[in-house]
Each structure stands twice: as C-alpha cells, then as structure tokens.
Amino acid sequence: SPSGVERTSRAPPMPPRNEKSLVCFIQALVGTTVVIECRDDVAVRGQLEFCDDDMHCTLTSAIRVTPGGEKTKLDRIFIRARMIRYVHFAPSIDPSALIETKRQEWFEGSRHYAKAAAFGPKNEAKAILD
Amino acid sequence: TTRLEQRMSAVEEEAAVREPLDLIRLALDEKVYVKLRGDREIRGRLHAYDQHLNMILGDVEEVITSVEIDDETYEEIIKTTKRAVPYLFIRGDSVTLVSPPLRS
Numbered sequence: 001s002p003s004g005v006e007r008t009s010r011a012p013p014m015p016p017r018n019e020k021s022l023v024c025f026i027q028a029l030v031g032t033t034v035v036i037e038c039r040d041d042v043a044v045r046g047q048l049e050f051c052d053d054d055m056h057c058t059l060t061s062a063i064r065v066t067p068g069g070e071k072t073k074l075d076r077i078f079i080r081a082r083m084i085r086y087v088h089f090a091p092s093i094d095p096s097a098l099i100e101t102k103r104q105e106w107f108e109g110s111r112h113y114a115k116a117a118a119f120g121p122k123n124e125a126k127a128i129l130d
Numbered sequence: 001t002t003r004l005e006q007r008m009s010a011v012e013e014e015a016a017v018r019e020p021l022d023l024i025r026l027a028l029d030e031k032v033y034v035k036l037r038g039d040r041e042i043r044g045r046l047h048a049y050d051q052h053l054n055m056i057l058g059d060v061e062e063v064i065t066s067v068e069i070d071d072e073t074y075e076e077i078i079k080t081t082k083r084a085v086p087y088l089f090i091r092g093d094s095v096t097l098v099s100p101p102l103r104s
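In order, the protein sequence lines correspond to chains A and B. 1 is the number of the first residue of the first sequence in our numbering; add one for each residue after it. 1 is the number of the first residue of the second sequence in our numbering; add one for each residue after it.
Please keep in mind that the hints were generated in silico from the structure rather than gathered at the bench.
Chain A side only, calculated, beta carbon under 8 Å to chain B, not exhaustive:
#, residue
1, S21
2, L22
3, F25
4, I26
5, R82
6, I84
7, R85
8, Y86
9, V87
10, H88
11, F89
12, P91
13, P95
Simulated restraints on C-beta separations:
#, chain 1, residue 1, chain 2, residue 2, range
14, A, G31, B, T2, 47 to 53 Å
15, B, G38, A, A11, 38 to 44 Å
16, B, D71, A, G31, 47 to 53 Å
17, A, D75, B, H52, 29 to 35 Å
18, B, V17, A, D41, 34 to 40 Å
19, A, G31, B, T65, 32 to 38 Å
20, B, G38, A, D53, 25 to 31 Å
21, B, E5, A, S110, 32 to 38 Å
22, A, M14, B, S9, 22 to 28 Å
23, A, E105, B, E19, 28 to 34 Å
None of these values were measured; they are calculated from a predicted model. Where a beta carbon is used, it is the ideal one built from N, C-alpha and C, also for glycine.
Please build the complete structure, drawing on both the sequences and the hints.
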C-alpha cells in the first residue's frame, strides 16, 4: 500500500454503491441509444447522457411517444428512476461483457485519482511506475 | 482445516440456498416466467438480477392482458397483446412474481 496513506481498519474495500445493484449496467449504457419505457406507457428514445446511482436518467436528442402515438422531439429529458418500467438497448450489446469492461474502466479511473491524491500531482510519475 | 477443505466449504457457502433470492440465483441462464404490475407477463432467459429484482432477460416474450367491456352487450372481452424483444432490462419495482417457466 502507498506510504503516507493510513488505513484505519483491515476490512476489505467495499464495492462502490452502483456495483451493488444492476444500476451499473444502465450506467454502462451511457453514450448509447436506448428506449426507456415508462410506467405510464410513455416511451422515450434517445442517447443516454447520464444515469446516477438511483437510476435517474437524462436522455439527449430524444423522441417521446405517448401510448396514443403522439410524438414529441426533445433536446433533453430527465426521467425519474421510479417511472422506468423497461430499458431497451441495442441487441448487439452483451450485458456481462459490458459491465466487466466498464467496471475495469471505473476501477482504473478511481485508482488513478486515488494515487494522484496520495502522491500529489508532482509525484504522479512515480505513482504510474507503481 | 486444509486449504482444499477451506475452498470446498467456501464453494458450498456460495451455493447454499438460504433466502428467497437464492432461488432466483438457481434460475440464472434458465427460462423464467415473470409477472409485472399492470397485468403483464414476461417469459425469457434470465441473464442477470439483483436484490431489487432489476433483471436482464434475453429472448423475451411479453404478454399484456387487458379487459374491455363491450358497450352494448356489457360482456368482458379479454384481449392480449404480445411482443418479442431480443434483450430487456426490467426495473425491479414493477416485478411481482418470478418463477420457473410454466409448461404451456
């Protein structure tokens, strides 16, 4: 473990909150086109811009279709997590592979910032060689 | 206990069925029958689930049942709408029942 960082307990590190549920899969879909079917039978198709740990989502370049067939174009739409019934995604995506890839990316990212915090920006070169 | 015994007991621990969610774990990669709120039924292959019952299913068939009442005869007409999708993510708060598939 890096010097100068104190660990208060010997407990293994907890996984981040999003990895404790399948919301990490929705977060892994950020950037792809999805169709979110809501509990009130309204469907919204758009590019998933952001999804938080509670599954609240924002979509950009969206088309919203009501059960009556009325379509509305929207630049950006926020969908409350509780309103989601289904999330449709491209059939070319393999869920387990995608979660694994994203989990690696998130882990590497947090490791990078943790090292920068521990070693400081000046010593980042030293941390990378670790 | 030897290393092998420790590892064997760890595998046994993981495979143990202790709580209802473990029964869903046994159905991973199998076809399941899921009932949702709003008179919806889904059959599909269970790829993933979590403690909230969020699920990812493959080769999905959704059946929506609705009852219409004829204006003149006042009889109930049961209508079903079917839909097939290759892959589906279901948010867990809609799920009411998960079961091994019924023979149909």
